[in-house]
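Build out the structure end to end from the sequences listed, making use of the hints.
Residue 0 is where the sequence shown starts when you use numbering that gives the first Met the number 0, and the numbers rise one by one after that.
Treat the hints with care, as some may be off.
So the derived label-pair ranges between C-beta atoms look like this [unchecked claim]:
1. 171 x 125: 52 to 58 Å
2. 287 x 186: 32 to 38 Å
3. 235 x 171: 44 to 50 Å
4. 87 x 169: 31 to 37 Å
5. 90 x 38: 48 to 54 Å
6. 79 x 107: 44 to 50 Å
7. 101 x 183: 39 to 45 Å
8. 256 x 225: 19 to 25 Å
9. 222 x 298: 32 to 38 Å
10. 225 x 255: 46 to 52 Å
11. 232 x 318: 29 to 35 Å
12. 73 x 260: 53 to 59 Å
13. 169 x 346: 55 to 61 Å
Read the hints as simulated data drawn from the structure, not as lab findings.
Positions of the beta carbon are idealized from the N, C-alpha and C atoms, including for glycine.
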Amino acid sequence: MSSQDIPEEKHLPSEQGDAHHGAVAVADDPFADPGLPVHRPRIQDIDERAAKRSERTVAMLFTLSMLATIGFIASYVIFPVDKIVYIFPIGKVSALNFALGMTLATALFCIGAGAVHWARTLMSDVEVAAERHEIAAPPEVKAQVLQDFADGARESGIGRRPLIRNTMLGALAMLPLSAVVIMRDLGPLPEDKLRKTLWAKGKLLINDNTNEPLRPEDVIVGSLTFVRPEGLEEGQHDFQTQIAKAALMIVRLQPADIKDKQELEWSHEGIVAYSKICTHVGCPISLYEQQTHHVLCPCHQSTFDLSDGARVIFGPAGHALPQLRIGVNDEGFLEALGDFEEPVGPAFWERG
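Set out below in structure tokens:
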């Protein structure tokens, strides 16, 4: 074999690789871990004056958040619901909604911006690589986590930078006040409206059918009459709200048939007045049994004995119907001697 028959080896890759001839190093890992970049200190790490500037910046952002929260609450008080203002370039908007949105957005933004600036300029930025482990950590890992937490708290400077700590805590503590104020939009405060009705001393009992005040002789034994307080008319804007609490039914019994002593004292010549509103879910009571003196709610069949303090004798109602104390005025008309002694209608959590 001549030398011409031997292939040239210069075209074969060498074991060491030849960059000039495009040789490939087979042993190299194309997905090798490049490692962490060299840590470069920030200006705040080497210049305490720069660190102080960052600290003041963070504190300022947290303070702005507190002021914005105060502005949110103040806006709720200052601006009426129907006030419209012109804001360029938005146009005409509700002054209250605009003020609430801007102040709440500012409060949230400043807390976020302050936390980010704190983390980027003052907290430690050294990257730490940790190997993956099973979900159930061994005791030494748990101890290491607690130690890392303590180290992180120390490196954050929260202990030695009270200005940041105190303003951050103040901003976070005040921010929930915005949510508390927003809850005011759930509706007007009930105050004592659930406990009081339009009935008061001297209010005449007005027949719902005739719109005329009642005299004792107008109510016969065994009859059921629905009445409302004097001054409450159907055309009034709050008629439904008021009648839902003040609706009254009167029945005339033989005084000898009244078993409850208080009921007898609060009646007039056997005429008793009870709330028409069922104490179960507030349905209007409309059925009356003359022989038994029972009234029945048509919704869930709660039954009350009007001869025995309107106590519940059947059904889901939780308590007796409230009684209204009545009498007769100088002109001979039936009148109320005050309001109900207890809230009418279904029980509510403040009942007592």
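Cross-check of the supplied hints:
1. Here the CB-CB span from residue 171 to residue 125 is close to 27 Å, at odds with the stated 52 to 58 Å.
2. Distance hint for residue 287 and residue 186: a CB-CB separation of about 36 Å, consistent with the stated range 32 to 38 Å.
3. For residue 235 paired with residue 171, a C-beta distance near 48 Å keeps the hint of 44 to 50 Å intact.
4. Hint check: residue 87 to residue 169, Cβ distance near 34 Å, so the stated range 31 to 37 Å holds.
5. Against the hinted window of 48 to 54 Å, the Cβ-Cβ separation of residue 90 and residue 38 comes to about 52 Å, which satisfies the hint.
6. Remark: the range hint 44 to 50 Å for residue 79 to residue 107 is contradicted by a beta-carbon distance near 25 Å.
7. Against the hinted window of 39 to 45 Å, the Cβ-Cβ separation of residue 101 and residue 183 comes to about 18 Å, which falls outside the hint.
8. For residue 256 paired with residue 225, a C-beta distance near 21 Å keeps the hint of 19 to 25 Å intact.
9. Checked against the hint of 32 to 38 Å, the pair residue 222 and residue 298 fails, with Cβ atoms roughly 23 Å apart.
10. Checking the proposed 46 to 52 Å range against residue 225 and residue 255 shows it is violated: the Cβ atoms sit about 25 Å from each other.
11. At about 31 Å, the CB distance of residue 232 to residue 318 agrees with the hint of 29 to 35 Å.
12. Here the CB-CB span from residue 73 to residue 260 is close to 57 Å, well matched to the stated 53 to 59 Å.
13. Judged by the Cβ atoms, the range 55 to 61 Å given for residue 169 and residue 346 is violated: they are separated by roughly 42 Å.
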